[in-house]
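K.L.:
Protein sequences appear in the order of chains A and B. Under the numbering used here, the final residue of the first sequence carries the number 375; numbering is consecutive throughout. Under the numbering used here, the final residue of the second sequence carries the number 375; numbering is consecutive throughout.
It cannot be assumed that every hint is accurate.
It does not matter which identical chain is used: a pair holds within one copy or between any two.
Claimed, not checked - Listed below are the simulated DSBU-like cross-link pairs for lysine-lysine, each with C-alpha atoms no more than 35 Å apart in a straight line: (1) K354 x K261; (2) K123 x K310; (3) K368 x K118; (4) K271 x K154; (5) K261 x K327; (6) K226 x K261; (7) K154 x K310; (8) K206 x K261.
Bear in mind the hints are in silico, worked out from the structure with no lab data behind them. Note that the structure is predicted; figures quoted are calculated from it, not measured.
Listed below are the residues making up each chain.
There are 2 protein chains.
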Amino acid sequence: MSIKITFLGTAGAIPTPQRNLPAVAMQRGNELFLFDCGEAVQRQMTLAKTPFHKPMRIFITHMHGDHVLGLPGLLQTMALMDRQKTVQVYGPVGIVEFLRCLQESLQFALTYRLEVYEVADAGVVCEEAEYRVLAVKSNHVVTSFSYAFVEKPRAGKFIPEKAHVLGVPLGAAWGKLQHGETLTLPDGTVVKPEDVSGPIRKGWKVVYTGDTRPFPEFAKFAAGADLVIHECTFDDALVDKAVVDGHSVPSQAAQDAKDANVKDLVLTHISARYTDAALLVEQAKKVFANVRVAEDFLKIDLPLGE
Amino acid sequence: MSIKITFLGTAGAIPTPQRNLPAVAMQRGNELFLFDCGEAVQRQMTLAKTPFHKPMRIFITHMHGDHVLGLPGLLQTMALMDRQKTVQVYGPVGIVEFLRCLQESLQFALTYRLEVYEVADAGVVCEEAEYRVLAVKSNHVVTSFSYAFVEKPRAGKFIPEKAHVLGVPLGAAWGKLQHGETLTLPDGTVVKPEDVSGPIRKGWKVVYTGDTRPFPEFAKFAAGADLVIHECTFDDALVDKAVVDGHSVPSQAAQDAKDANVKDLVLTHISARYTDAALLVEQAKKVFANVRVAEDFLKIDLPLGE
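Only chain A is shown next, with the shape it has when bound in the complex:
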């Protein structure tokens, strides 16, 4: 399905006039996915015209304020908007207590069901008919996860010529094959959907790292992704600081993208010290060509393939 990604915040730990705190919105069909909820995510959504009323799943990478302090306000605002649809929140152990104590302190009632799932280890975080979201433990200064949104493959494109050659009569039978049914023709011939279709169509794969140093499991986790949204807090000259603070620099993010053989790399979580991000792109490009630095409200469309 086509996917629209909007960067709602691209700053590191401190917001700047140009960059709000980390959050990425992803719209797919009627569903909204949020990756991290930095402070003011609700206002950024309003500014970006991101819908508040859709089915919504929120994935928090780690329990640092700059990644999660926008969550309570967003939940509260959706209640003021009289939201009825359930919201699912996924995050590290501790997120349940975080929301519990805030609800107690701030006495806010929700108008909708809130399901909060604590992610304790790598694996499938949620799975639906058309997609799954996976998590892997990343390598920050606190427990932190990277997430991969992975569409399941779709059946190949129906090829009328093949159906014709096999003697499938025009009409209802075509529709059945297109919907995955196997048919037995009057002459006893068995026709499977794959007999009348092109190759299986791969879905989109989008990976969001959250805050992390490079870590060895990443290449497999992100393998073949169409888009990797990778944190890149500092430039290469500050790699020692990045190691201490649990962050990545451009050459590392680019190496990750190269090792995972991904299509596109977007750097985000940019330290306030970089008013011009050209340096980061320049350093990353030496390792991986298809790279850019996100800015607030950058939109990336992944269209529905053939």
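Given the structure of chain A, go ahead and fit chain B onto it with the hints provided.
P.N.:
Below, chain B without anything else, positioned relative to chain A:
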């Protein structure tokens, strides 16, 4: 002393593209005072060039998310900036637990001393040589306070002619009188500072209501204020809703200002439904002339008087 007020957020419970969540900054000399800390107050401070490093006192009116969810991020960012100066926070009972559980959930360490004072009842909240801050219980749907920042009166202006007539010799003696000392002249005449000064100079009085319905103690509490920053969530037609939700409408805010005999009234905490606030001003003006509606980044200067 001169005072500079900056409206950092003027929205009601839900931020809009034009209005961030409630917060007002007040600079006085080397000190910064914040009244409420809606989400993203730290970014609004950056945009308004409000200093982060000054001695700072923060006053929270009530424990609703839209008034307090910017506080943890601000405290955290000041630690990342390596702030050393103490911060004082004043708010209703519950604010200690709110900050405790956030510090535990988000594991942030501060680089400075944080003093959190729970305001349980009306009275003087803090007192310094040149000013005091008072609180009064307002009338919202949860425990809520209005705050008054009140400068103490300053001695009258020194009048050289009077000193001359009384025979005070030019030089050090003048300085002593100007600094509040009583002198005995060589001929035995006792000269007090008030003998050589104009009338006592009144300091500034600024009142911030926070969320509230009109309440009877307000007129006395705000009496004679130079500036009242009054919540005004809805317009007069929605007075019934305002009563239910614990808010005020323009005619009520204006009546409050009139009853308290204040100089200027600024309305804030404007519901997202009003993209044009002209209606609110119009309704208030029928009762009280010196009124306007705040917008984000509105600055009001109260200059040092004669």
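K.L.:
All hints, please: hold or fail.
P.N.:
Going down the list of hints, with the structure as the test:
1. Taking identical chains as interchangeable, the C-alpha atoms of K354 and K261 are never at most 35 Å apart, the minima being 46 Å within one chain and 77 Å between chains.
2. In this homomeric assembly, K123 and K310 come within 35 Å of each other (Cα to Cα) only across copies, at 28 Å, whereas the closest approach inside a single copy is 40 Å.
3. Within a single copy, K368 and K118 get their C-alpha atoms as close as 12 Å, and across copies as close as 29 Å, so both meet the 35 Å cut-off.
4. Proximity of K271 and K154 under a CA criterion of 35 Å is satisfied intra-copy only: 30 Å inside one chain copy versus 56 Å between copies.
5. When the C-alpha separation of K261 and K327 is checked against a cutoff of 35 Å, the pair qualifies neither within a copy, at 38 Å, nor between copies, at 83 Å.
6. Taking CA atoms no more than 35 Å apart as the test, K226 paired with K261 passes inside one copy only; the shortest distance there is 13 Å, against 99 Å between copies.
7. Proximity of K154 to K310 under the C-alpha cut-off of 35 Å is restricted to the inter-copy arrangement: shortest distance 25 Å between copies versus 43 Å within a copy.
8. With identical chains, the CA atoms of K206 and K261 are never at most 35 Å apart, being 41 Å at best within one copy and 75 Å at best between copies.
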